[in-house]
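Could you put together the complete structure from these sequences and hints?
Take a look at the letters that make up each chain.
Protein chains: 2
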Amino acid sequence: MKKKTTIGLIQTKVFENQNKNLENSIKKIKNAARRNAKIICLPELFLSPYFCQTENHSKFKLAEKIPGPITNIFCNLAKELSVILMISLFEKKTSGFYHNTSIVINENGKIVSKYRKMHIPDDPGYYEKFYFTPGDLGFKSINTNHGKIGSLVCWDQWFPEAARLTALKGAEILFYPTAIGWHPKERKKFGNSQLNAWITMQRSHAIANGVFVAAINRIGLEKVKNKKIQFWGNSMIIDPSGNIIKQSKSNKEEILICDIDFRKVENTRQHWPFLRDRRIDYYKGLLKNPEDA
Amino acid sequence: MKKKTTIGLIQTKVFENQNKNLENSIKKIKNAARRNAKIICLPELFLSPYFCQTENHSKFKLAEKIPGPITNIFCNLAKELSVILMISLFEKKTSGFYHNTSIVINENGKIVSKYRKMHIPDDPGYYEKFYFTPGDLGFKSINTNHGKIGSLVCWDQWFPEAARLTALKGAEILFYPTAIGWHPKERKKFGNSQLNAWITMQRSHAIANGVFVAAINRIGLEKVKNKKIQFWGNSMIIDPSGNIIKQSKSNKEEILICDIDFRKVENTRQHWPFLRDRRIDYYKGLLKNPEDA
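Going down the list, the sequences are from chains S and B.
Under the numbering used here, the first residue of the first sequence carries the number 1, and numbering increases by one thereafter.
Under the numbering used here, the first residue of the second sequence carries the number 1, and numbering increases by one thereafter.
Treat each hint with caution, since some may be false.
Distance condition first, Cα-Cα at most 25 Å in a straight line; then the derived SDA-like pairs of lysine to any residue [said to hold, decoys possible]:
hint	chain 1	residue 1	chain 2	residue 2
1	B	Lys223	B	Pro184
2	S	Lys169	B	Phe274
3	B	Lys264	S	Ile199
Think of the hints as simulated: they come from the structure by calculation, not from any bench.
See the structure below:
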């Protein structure tokens with residue numbers, strides 16, 4: 001296992017045309033690889049505008065089989081560039097059954113992990129429960145040649161349980177492909193507080209678990225009929241003490257390249273030994289709902 | 001159940017003389033009550049300097065029976081002022097068996113809850129495992145006439161599990177009596193990052209659970225032989241969206257008085273419905289240790 005690696009987070013705008021998104025992402029992946037990134041992660045569902053703004057049956061045609069033609073493209077690319085790719089896709093498992101899925105492709109072009117988003121939101125403008133069945137594969141850590149990594153997806157980032165379980169399985173970097181933004185009408189009143197809460201939660205996962213956290217968001221204003229989301233960017237990498245070590249702007253396409261020293265994980269956990277002191281003998285209530293715990 | 005209450009957090013310096021600490025705390029409790037606080041909380045182990053800076057057998061004589069002479073004083077005071085008091089004590093359960101305990105006394109002067117600190121630190125200068133057996137009563141929420149409240153203690157604040165379990169049991173304000181500070185030698189290099197991590201974790205508990213969080217710390221430089229801790233104050237109250245609504249300085253005795261509107265809990269949880277989406281069917285690994293999960 002290597003002691004260091006370099007990761008690349010690709011913060012993009014997303015266009016109406018899927019081929020354009022595909023070309024754009026391939027170009028940016030190549031750019032990140034040239035800059036020495038060994039693990040490259042793209043935002044949630046980066047191949048299309050965020051279709052969950054409305055409940056629209058016609059959008060199911062965007063779903064992909066895994067493996068399938070789209071994953072084949074990225075598998076070939078990973079092999080060509082000799083990098084690890086983390087790719088978020090609208091997965092068609094079978095007829096009438098769909099997931100929000102993140103895969104890890106290794107530097108030999110093989111899909112080595114599939115994670116199906118476990119926590120599914122349903123809020124005005126984020127109608128994901130309409131499209132996605134909650135994940136059925138549990139939480140994942142993958143041992144790669146460039147480090148032990150875990151992939152979670154967007155809404156998962158509000159759940160300490162998801163981060164904890166992925167870290168307990170061994171992951172030393174938690175990746176969160178994301179699609180989150182402001183409702184333009186709410187932005188003035190709540191925008192700062194919302195963005196700040198989002199950042200705070202991810203820093204807390206780094207601290208509580210002594211791991212690196214990488215969040216990768218899209219940017220841009222996307223409109224679907226009279227609905228709008230201003231995706232807020234702010235892709236970032238957080239060290240195991242909770243310090244933000246790289247951060248993108250809210251309105252700019254950007255490729256964040258960041259060196260990761262895995263020795264910081266062990267060092268932080270020796271100085272802040274939270275894993276040592278968990279009271280697993282008294283945590284059964286975590287498997288229950290409010291008032292039943 | 002009332003829809004609003006007022007809480008009072010007493011950020012104090014602690015003196016060598018226990019009687020002086022007792023008098024000081026009674027005076028400040030009366031001050032908070034005059035200012036309409038209905039739930040008043042003091043810092044962790046506020047009756048003595050933080051003796052866990054060293055392992056010293058003579059300090060076991062500081063331990064109290066609960067109920068006992070000290071709790072009787074606070075029970076009478078709670079009744080006299082008609083307030084709820086949250087009091088942190090070094091508890092002697094029985095011969096050779098001690099806890100770091102927080103009690104809730106209601107406005108009739110009755111002890112209505114006892115919480116024994118579940119997560120016990122052991123770090124240079126914080127040798128708590130020498131003094132305290134980890135708690136054996138689990139996590140607690142108490143229905144009072146002034147709101148549903150939970151008491152956790154200091155090191156617990158680094159564990160998302162503790163906050164989650166207390167919230168799942170119904171608590172709408174999580175209180176953290178605390179004794180945390182800087183090692184003066186480390187302060188320049190790590191001080192900001194440490195304080196920031198501490199604040200971040202508590203904000204994350206508020207956000208993840210949609211609850212108010214109140215942290216109550218001591219201030220002052222305490223020396224034991226060649227050991228020193230500069231307690232960093234920064235007592236604070238955080239709303240269910242993670243915003244800090246009141247905060248003390250790091251070097252000043254202060255009584256934070258804060259109005260709490262419990263309707264914010266329900267409102268926040270409707271807008272950020274995290275409790276709705278927990279995957280209790282996939283959380284069993286939380287009852288395991290690293291690599292076993």
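Hint by hint, which ones does the structure fall short of? The structure breaks none of the hints.
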